[in-house]
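Novice: Take a look at the letters that make up each chain.
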Amino acid sequence: MTPGLPRRLLVAAFAVAAAPVPASAWEPQRPITIIVPAGTGGGADQMARAIQAIVAKHGLAPQPIVVANKAGGAGAEGFLEIKNSRGNPHMLVITLSNLFTTPLATGVPFSWRDITPVKMMALDEFVLWVNAESPWRTAADFVAAARAGKLRIAGTGSRQEDQIITVAIGKAIGAEFTYVPFAGGGTVAMQLVGGHVDATVNNPIEAVSHWRAGKLRPLCVFDSRRLPVTQTMTATMAWSDIPTCKESGLDVEYLMLRGFFMPPGVPQAAIAYYQGLLERVRQTPEWQELMVQGAFNTTTMEGDAFAQWLAREEERHRTLMAEAGFLAR
Amino acid sequence: MEVAAAAAFAAIGVLAVADSLRGGIAWGMDGPQSGTFPFWIGCLLILSSLATLLRAALTPSRTLFASAAELRSVARILLPAAAFVAAIQAIGLYVPAAALIAWFMVRLGGHGPAVALASGVAAAALIFVAFERWFLVALPKGPIEAVFGY
Amino acid sequence: MDNLAALMAGFAVALSPENLLLMVAGVVLGVIIGVLPGLGGANGVAILLPLTFSMSPVGAIIMLSCIYWGALFGGAITSILFNIPGEPWSVATTFDGYPMAQQGRAAEALTAAFTSSFVGALFAIVMITAIAPLVAEFALRFGPPEFFAVMFLAFASFVGMGRGSALKTVAAMMAGFLLACVGLDTVTGQLRLTFGSTELMRGFDFLVAVIGLFGISEILLSIEEGLSFRGAKARLGLGVVLRTWKELPRHWLISLRSCLIGCWMGVTPAGATPASFMSYGMARRLARDGAAFGTGRIEGVVAPETAAHAAGVSALLPMLTLGVPGSPTAAVLLSGLIMWGLQPGPMLFVEQADFVWGLIASMYLGNIVGLAVVIALVPWFAAILRIPFAIVAALILVACAIGAFTVNNAPFDVVVMLIFGVVGYVLKKLDYPLAPMVLALVLGNRTEQAFRQSLLLSGGSLGVFFGNWLVGPIMATGLVMLFWPLLARLGAAIRARV
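Residue numbers (this note's numbering), protein chains in the order written: chain A, 1 to 329; chain B, 330 to 479; chain C, 480 to 977.
Calculated directly from the structure, the hints in this document are not laboratory data.
Please note: incorrect hints may appear among the correct ones.
Here are the computed lysine-lysine pairs in the DSSO-like style, where the Cα-Cα straight-line distance is at most 30 angstroms [as the list claims (entries may be wrong)]: (1) 246(A) <-> 171(A); (2) 246(A) <-> 470(B); (3) 171(A) <-> 150(A); (4) 57(A) <-> 470(B).
Sequences are here, hints too, so could you generate the full structure?
Specialist: Now the structure itself:
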C-alpha cells in the first residue's frame, strides 16, 4: 500500500458522488482522441464532432475529447494507427463501411478483429434518389429504365458502400450501371439535382434538404423495414412513407455501421467506461435530434452481439466485393 | 548539379511509368484505368528532363552551384534542423524545439547559453499551452511529457 | 425589397455590443489561426466549433464566421513575411508579396493584401445579398466537364508564367502532377505510386510540400546569402497604410476582374485556390509589362487576394443554398449549422430566414471589423522582420514542423517537409520554377478526377468538353490562353506584313 492511496480513494469517492458511475470505474486521465478515418465534413466526422460537443456541453467526461481526421488511403491510415496503439485507453475510432471495404479493396493488412469493438451507435440508411423531374415515380419504373439502357449513378468514393450498392442493384435486376465516383455525399446530391447523373444512393441526411425543396424524389430505402420517422418532411411525405426496396421488387439491403472501436489490448474497465459514456450520449436530446434529422436506424449493440454482427457483415462485404471484382489484386 | 537534378527528375518519371503499368493504362471498367494519367505524365517528365540533361551535358556551365563557404553556412542551419526533425520522431516535439531555439541563439545569434536556454524552454512552454490547452491539438510527445502526465 | 428589410433586421441583431465583442474576439482568434501554419482555416474552425456550442446560435455563427474572416486575412501574413503560405490560396500571394517584403515594402504589401481581401469579400457579400437564388441555379449547371474546363482554364492562364527554361517549367509541373497522384486513386480506389509504403498512402499533402518548398528553402537561401532576412529595414507606421490606400484605386480594373473570377470560382464550387491562380495569371497576361510580375508588383498581391476572398465568401453560398460546402472550412461550418439543428440547403432561406439574414449581416460587419483589426496590426506584423535572424529562423523551423505535423497528425510528414525544403533549395538555385509544381500539386488530383468523371459520363467521348453553351466557351478561352504567346506572335507577324 502506498502512502498516496488514501488520497486517491478520497478523489475516487468524490468522483462517485459527482457522477453515477460504478465504484470500481476506470476514468480517463488524459484528453480522449477520437480518430475519424475520413475527411472533415463527412458523415463520420459530423457524428464524431457532435459527440465531442455533446460530451463537452453536458460535462459527461472529466477530460476533453479531441477529434483527429486520418483519411489517408481511404481511412487505412486511421485504422493502422489504432491497430498500432496497443493498450492505449485514451483512443477511439469511429467507423464507417471502410472498416470492411478498405482492407478488401486496397490489401492493407488490417481487419476489425485486430482492434477492440466498443459499441454500435447507429446504422446509416441508404435511399435510392432520382431527380424530381425524372419520369420514374416508383422503384419499378427505375428498374424498367435501367434494364432498357445504361443509367448513370453517382456515389461517394470508389469501391465503397455506394458502389457496392450500385453493383448489388445491377446484379439483382440484371442491368448494368455507369458508376461515377465523387468526393463527398453533398456533391453527389448536387450532381443529381443538376441533372448530370440519373440516380444516387445518398444517405438520408445528405439529400434531405433537396427532397424538401422538391428537387429530388426518393424511390425506396435499402432496409428490411421502413424508416421509423413519421414526422412529415415535405408537404405530403414523411420518411416512413418511402417504401422499402424489397417491397418494391428490388431485393437489395444495405446499412452502414456507425460504431466505435478501441486499440487492441485495452483494459476491460476502460471499454466499460466508454460504453457507459456513449450510452449517456445516446440519451441526450441533441443526439436524438441528430438521429431524427438523419433518419438513422438507432440500433445499438455491444459485446458478443456486436462481434457476431461484425463477423456477418465482413463476410457479406467479402462476398459482395468479390462478385463485383473489387478485391485487391 | 544541373545534370544530377535532371537525372533525378527522369528517374522519378521512370518510377511513375513503371508503377502505372502495374495499375493499367487502358480503358477499364471504371473508365480510364488508374495508371493512365501518371503514365503519360511520367513520359512527359522523362522527355523534358532528358532534354535538360542533354543540354546541360553539352554546354558545361562555368557558374558554381554554391561555394564551399556558402554550403558551410547552409549546413549550419540544415544539420540542426535535420537533428530536430529526427528527434521529433523519437522524443516528441517540445524538447527538441527548446533545444533548437537555444542552439540557434547561441551559435548564430551569439547569445549567452543561459539566456538562450531560458528562451528555448519558455517558447516550448508557450507552444505547449497554446496547442495542448487552448486549441486542444495534440502534438508529438515523448517520455519527458509523460512524466508530467501527458 | 423583402431581402433588404430582412437584412436590416439582421443588422439590428448583429450590432448588439455583445455580438460586436464576439466579432473582435473571433477576428483576432482567426488571425492567430491563420498565422500558425497548419492550423489555418478548416482545422481552426473545427477546433473552436465545440467552444461555441454553449453560446446562442446567432452569437456562435457570428463568432465562427469572424474566425473564418480572420483566418482568411491571416493566411496572407506569413505568405508575405516569410514566403510560407498557410493556405493553398495564399500561394499566389507569395509570388509578388514576398519580393515586396524583401525590398522593405512589407507594410505596403500587407495593406494591399488586407484591403484587397476586404474588397473581394465585400463584392461577394453584395452578390449574395442581391442575387443568391439566381447564383445557386447557375452553380447547379456545373457538372464534371464544366469543372474540368475551369481547371483547364486555371492551368492555361498560368502556363508560361515562369521565366527561364520552358523545359524546366514542364518538368516541374509534371513532377507536381506525379506528387499529386501519390496515394489512393479516388476514382478506382487503387493505391498508386506508394510502392507498398503505408506512410506514402496518404499522399503528399499540399501544405507539407509547400511549407518545405517555399518556407524551409527560403531560410536556407537566406543563410547562404548572409545571416538576415532582407526585409529588416521595413518602414513602420500607419502612414504607409494611407499611402498604399491612395495608390490602390488605380488598380480598379484588376480588382473588378478578380472579384468576378473569385465569385465565379467560389460559387461553382471550384474554390479559392484556382481563383487566386487564375486571377494572378490573367493580371499578368493582360498587363502591359507582364514580365515585371514576380519582382514585387503590388498588382501581383491585389489580384490573387481579391479573387481568393471573393471566392472564399461566395463559397458560403452553395453551402447555405445547396448544402454543398465550397471549401474545407465551409465544410466544418456546415457541420456546425447541423449541430444547431439548422438544415443547410434550399429550404434554409425559407424556414430560417432570420438566421440566414443575421449571418449575412454579420458577414458585412465582420469584414469591416476584420479590416480595422488587421490594418491596425500591420506595423506589428512588419516589425516581426526586425527580430534577429537566429531567433526567427528557429521559430520558423519550429512553426513549420508543427504545421507539417498537424495537417495529418503524422510525425513522418515533418521529415517529408524537410526533404522538400532541401529539394526546393536545390531547384531554386537551378532556376526550376516552383509555382507550376505547386499549382499542379494542389489542383492535379481534382483536375484528373473531373476529367475521368467526364469521360465516364460521356462513355469515353472527348466531345463532352464542347457539348453545351457553358463548357464550350470556357474550354475555348482556355485554349486561347494556352496559345496566347503564339497567337500574339502570329498577330504581330500579320500586322508587320500588312
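Novice: Of the hints given before, which are not true for this structure?
Specialist: Checked against the structure, the only hint that fails is number 2, while the rest are satisfied.
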